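With these hints in hand, go ahead and build the complete structure from the sequences.
2 protein chains.
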Amino acid sequence: MKAVVVGGVAGGMSFAARARRLSEDAEIVVLERDRYVSYANCGLPYYLGGEIADRSSLLLHTPDSLAATLALDVRTGHEVLAVDRAARTVRVRELDTGREYDEPYDALVLATGASPVVPPLPGVDLPQVRVLRTVGDVDALSGLVDGGAGRAVVVGAGYVGLEAAEALHHRGLEVTVVELADQVLSPLDPEMARPVHEALLTHGIRLRLGVGLAGVRPAEQGPVADGTADSHPADDAGAAVVVDLADGSCVPADIVLLAMGVRPESTLAREAGLTLGRNGAVLVDEHLRTSDPAIYAVGDAVQLVEAVTGAPAVIPLAGPANRAGRAAADHLFGRSGGRTPVQGTAIVRVFDVIAAGTGRSEKALRAAGIPHHAVHLHPGHHAGYFPGARSVHLKVLFAPDGRLLGAQATGSEGVDKRIDVLATAIRAGMTVHDLADLELAYAPPFGSAKDPVNMAGFIGENVLAGDLTLWYADELDDLPADAVLLDTRSAREFAAGHLPGAVNIPHTQVRERLAELPRGVPVRVYCLSGFRSYLATRILRQSGFDDVRNLSGGLSTLRLALPDIALEREENLVR
Amino acid sequence: MKAVVVGGVAGGMSFAARARRLSEDAEIVVLERDRYVSYANCGLPYYLGGEIADRSSLLLHTPDSLAATLALDVRTGHEVLAVDRAARTVRVRELDTGREYDEPYDALVLATGASPVVPPLPGVDLPQVRVLRTVGDVDALSGLVDGGAGRAVVVGAGYVGLEAAEALHHRGLEVTVVELADQVLSPLDPEMARPVHEALLTHGIRLRLGVGLAGVRPAEQGPVADGTADSHPADDAGAAVVVDLADGSCVPADIVLLAMGVRPESTLAREAGLTLGRNGAVLVDEHLRTSDPAIYAVGDAVQLVEAVTGAPAVIPLAGPANRAGRAAADHLFGRSGGRTPVQGTAIVRVFDVIAAGTGRSEKALRAAGIPHHAVHLHPGHHAGYFPGARSVHLKVLFAPDGRLLGAQATGSEGVDKRIDVLATAIRAGMTVHDLADLELAYAPPFGSAKDPVNMAGFIGENVLAGDLTLWYADELDDLPADAVLLDTRSAREFAAGHLPGAVNIPHTQVRERLAELPRGVPVRVYCLSGFRSYLATRILRQSGFDDVRNLSGGLSTLRLALPDIALEREENLVR
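Chains as they are written, first to last, in numbering that gives the first Met the number 0: chain A, 0 to 574; chain B, 0 to 574.
Source of the hints: derived by calculation from the structure; they are not laboratory data.
Predicted model only: the values in this text are computed from it and were never measured.
For each residue, glycine too, the CB sits at the ideal point set by N, CA and C.
Treat the hints loosely; a few may be bogus.
To spell it out: a stretch of chain A is covered by chain B in this simulated footprint if at least three of its residues, at any positions, have a beta carbon under 8 angstroms from a beta carbon of chain B; those stretches are [what the hints assert, rightly or not]: (1) 43–56; (2) 314–324; (3) 440–446; (4) 504–510.
So, in structure tokens, the structure goes:
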């Protein structure tokens with residue numbers, strides 16, 4: 000058996016290593032276009048920012064170490080130009096010498112990855128315009144920083160864009176993030192991404208949301224347009240380039256980092272006539288086989304199945320890539336395998352805020368027309384009576400039958416734990432009832448007797464049982480005209496700022512002050528987090544008020560969803 | 000509906016609060032013998048140690064706050080003396096006045112909890128001998144510390160005992176922990192508890208394992224026996240009492256804390272003729288109903304079902320107690336519910352070490368005769384190339400069909416997350432194949448593309464597929480006489496200390512040095528963590544060596560299991 004692997008990073012190298020462990024006899028050749036194999040792709044932004052100080056720690060293996068350990072024939076600087084499926088050979092070019100040769104295979108593994116999206120706009124070929132995908136990319140960016148770059152524009156506010164923005168900020172640059180969507184971190188729902196937005200602003204990162212890139216030009220190319228109110232002052236003194244945005248504004252910069260997502264690198268597969276799926280990704284079965292049974296494909300270039308909805312999914316993440324490589328080797332060497340569904344579990348740290356998600360977002364469920372419920376909560380990451388508890392903003396999405404569809408969390412501690420638990424629960428096909436019943440590790444420094452995940456389950460159960468009906472921040476402007484907006488916080492909290500038009504009955508007084516509320520009209524209740532108002536909704540529902548709803552996540556969520564909301568304070572409108 | 004609740008802490012108060020939310024009309028009376036209700040039991044050791052500075056933060060609610068919020072009739076200082084099931088009344092004594100009265104009920108909830116085990120030994124009634132269960136207990140202990148206590152003996156090295164030992168150490172006391180078992184933290188397997196053992200020693204806690212308490216006597220009662228080599232010097236100058244141990248040694252002390260576990264407080268239930276289970280715990284069905292359908296029981300006093308084995312279980316933990324209270328209320332008021340299986344998920348922080356477990360330990364599986372496999376691993380808690388990675392010692396137990404049976408983890412970071420994921424996986428009935436396939440949140444500060452939980456799944460899959468056969472540290476003295484013990488670490492690591500009799504072939508040289516190994520004899524391979532030796536076992540297995548086994552968890556686990564092992568260094572034996 001001779002296996003040839005095209006691409007020597009996550010998925011390809013996982014295949015090769017697993018294949019060797021399963022077969023000492025196999026000949027295993029790994030062809031990598033780049034100079035490096037098996038490097039820590041996900042660590043590149045942290046190396047750029049200086050948090051990973053030692054460049055060599057990114058380089059997990061070399062061809063020599065892989066030969067010694069796993070008897071792999073790893074050839075860097077070798078690009079595969081074409082696949083001859085009939086002959087079962089690949090055409091290879093040795094980049095240093097230009098020499099070309101045919102390499103035969105019994106099994107071929109395409110782990111060609113994905114390449115950063117570079118839109119066909121003026122100036123994207125300027126030397127200041129970079130991407131961040133490889134060791135070479137980070138070396139180039141570091142070189143620009145070391146060369147005195149003072150201002151950076153990062154185009155794209157996804158995971159890589161924000162990690163890079165923080166890194167460049169750490170290196171002392173003035174950073175502007177430009178994003179076409181009207182929020183950062185589009186995989187998350189906007190209210191859940193908002194704490195990241197605020198962390199960026201707090202640390203002096205400038206945000207230009209809802210505007211696209213129009214092009215880049217050398218600064219000396221002509222007069223710079225006046226900055227709009229939202230953009231930088233048009234001060235390009237010393238800046239190398241000017242970034243033009245689609246709204247006519249512009250931003251001077253010494254580095255322009257395009258972090259606009261990635262696109263499957265499937266040229267080889269396409270030219271070989273393999274079946275492609277969405278977005279040009281390679282179509283594979285649950286054993287990672289392409290339409291040619293002698294050819295596997297793994298990693299960012301393939302189309303998998305989304306675990307929650309069963310829809311096709313192209314999710315360029317390291318974890319699924321690694322596991323796919325392993326699964327392909329398992330199949331080739333006769334082990335049971337097959338693990339294609341992906342949830343898109345992902346996490347990012349942006350300054351002191353951590354944001355993570357798994358499964359489908361509410362945006363995605365709405366777009367797909369999938370019926371769902373959403374609950375928001377803000378419990379402490381550990382027992383409130385133990386010092387240092389920090390809020391976890393948690394959102395859980397589930398189907399009308401209770402089955403979990405997705406979860407998102409934002410906060411500063413304990414975010415990764417809750418998302419990992421919820422990712423596991425989603426993988427298991429659990430319901431909100433199961434969440435309520437999970438038995439998680441509790442001691443005061445680590446959690447609560449009722450963990451945030453349990454609490455999400457409790458709320459979900461209440462929704463499904465009809466004991467709790469929620470309203471959402473984005474309904475604020477469309478509340479029924481005759482609705483009573485009831486604030487159940489204390490009089491002092493109410494006085495300090497409440498939703499316009501709200502009346503105040505603290506939750507401890509609801510029972511004796513029922514007569515103050517009109518009958519027969521909708522009541523929309525809220526408090527800070529949703530708990531005191533939940534108690535009030537229970538009292539009202541059982542006291543003859545029929546249409547009573549509780550604000551999901553309370554003012555805490557509403558302020559994230561509607562950051563520009565003007566609260567009313569006694570007689571005065573205040574921000 | 001009138002519900003009477005006996006006991007106003009975790010389970011009882013969860014019932015009462017949930018009951019009110021489900022029924023505004025119900026009359027809900029909570030009878031609590033103590034002065035306090037709804038206090039943070041699990042926070043008491045941290046308050047004792049000063050980490051929780053504010054005593055009031057332990058007191059989550061008062062009768063007044065519960066009346067205002069939930070319209071509960073909470074009566075502290077009211078002890079229930081008897082249950083008259085025929086009349087559906089309880090006999091109550093108001094402790095301050097001695098007044099007795101009958102309180103009728105439609106539904107009764109016994110949340111009587113558990114009481115610390117106090118063995119019938121001489122001197123346990125001395126004022127220096129205390130337990131730690133209630134706010135009054137912690138006040139008494141704090142009083143002794145404030146009164147100048149300098150030495151403490153903690154009897155029992157379970158969760159509460161160790162938390163209290165650390166707390167007393169923080170308060171400046173010299174602390175000795177006495178434990179009848181030959182390990183600390185008996186719910187864990189000994190090798191997994193060992194890092195906690197070492198943390199205690201590092202911080203100057205004295206450990207007396209494998210010896211029981213014989214009694215306590217006032218220090219002036221007579222001459223103190225000479226300390227044995229393992230015990231304190233017999234210096235009782237100023238000590239209030241002397242603690243006599245079963246081996247004849249003794250330890251002077253000013254505080255003796257009995258932390259020997261708890262016993263269900265089921266006297267009321269027993270005297271009322273309710274069916275009891277193991278250990279005197281109250282037998283309940285999946286809706287927490289006792290043998291009298293008008294009486295529920297929840298919390299530490301009840302016998303539940305162990306989730307993994309289906310065996311009866313009495314597990315006094317806050318999480319299950321809280322959820323049981325909720326489930327009982329759900330059942331009483333017509334919601335679906337029923338959530339009795341418990342896993343015993345628990346966690347403890349002891350100085351800088353965190354130890355946690357869920358499901359069954361290997362000791363427990365062996366004792367129950369349940370077939371199982373065990374794997375050990377020591378991955379970093381996040382990507383190794385990101386600064387600050389710390390090892391998580393992880394042990395996962397699974398059945399021959401792959402189903403998870405238990406997991407334990409010890410370390411300083413990321414322990415709680417992995418145990419929570421594994422607790423969720425166990426609850427879902429997952430297998431090691433499912434662990435291999437979990438899609439957990441990965442960015443360099445949080446995990447690895449192959450998370451420790453995935454890695455455990457990979458190893459488990461290899462074991463089940465027959466690609467990996469393990470040997471264990473406790474087999475070291477019983478290896479086959481003709482076995483070759485093969486150390487696959489580097490020559491330098493080998494020289495610095497290896498297992499007696501081992502030969503060294505670094506894993507990168509195994510292929511070319513096969514001829515050095517005898518054929519037809521067992522080969523027992525090891526390295527530091529088990530990975531390099533795994534690679535070697537795969538080479539050997541595929542090169543005609545039939546009986547090749549890999550040391551589970553490598554020397555890292557072996558040193559935890561056999562802390563007194565004498566490693567061989569070149570020609571010299573060294574510790």
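Point to revise | Proximity test - 8 angstroms, beta-carbon atoms, the stretch 440–446 of chain A to chain B, at least three hits | key: With 7 residues in contact (Cβ-Cβ under 8 angstroms with chain B), the coverage given for the stretch 440–446 of chain A holds.
Review point. Taking a Cβ-to-Cβ distance below 8 angstroms as contact, does the stretch 504–510 of chain A have at least three residues touching chain B?
Key: n = 3 at 8 angstroms, threshold three: holds.
Exercise for review: Verify the coverage statement for the stretch 43–56 of chain A against chain B, using a C-beta to C-beta distance below 8 angstroms and requiring 3 or more qualifying residues.
Suggested key: This one holds; 5 residues, not fewer than the three required, reach chain B with a Cβ under 8 angstroms.
**Study point:** Whether chain B covers the stretch 314–324 of chain A (at least 3 residues having a Cβ closer than 8 angstroms to its Cβ atoms)
**Key:** This one holds; 7 residues, not fewer than the three required, reach chain B with a Cβ under 8 angstroms.
Hint compliance for this structure: no hint is broken.
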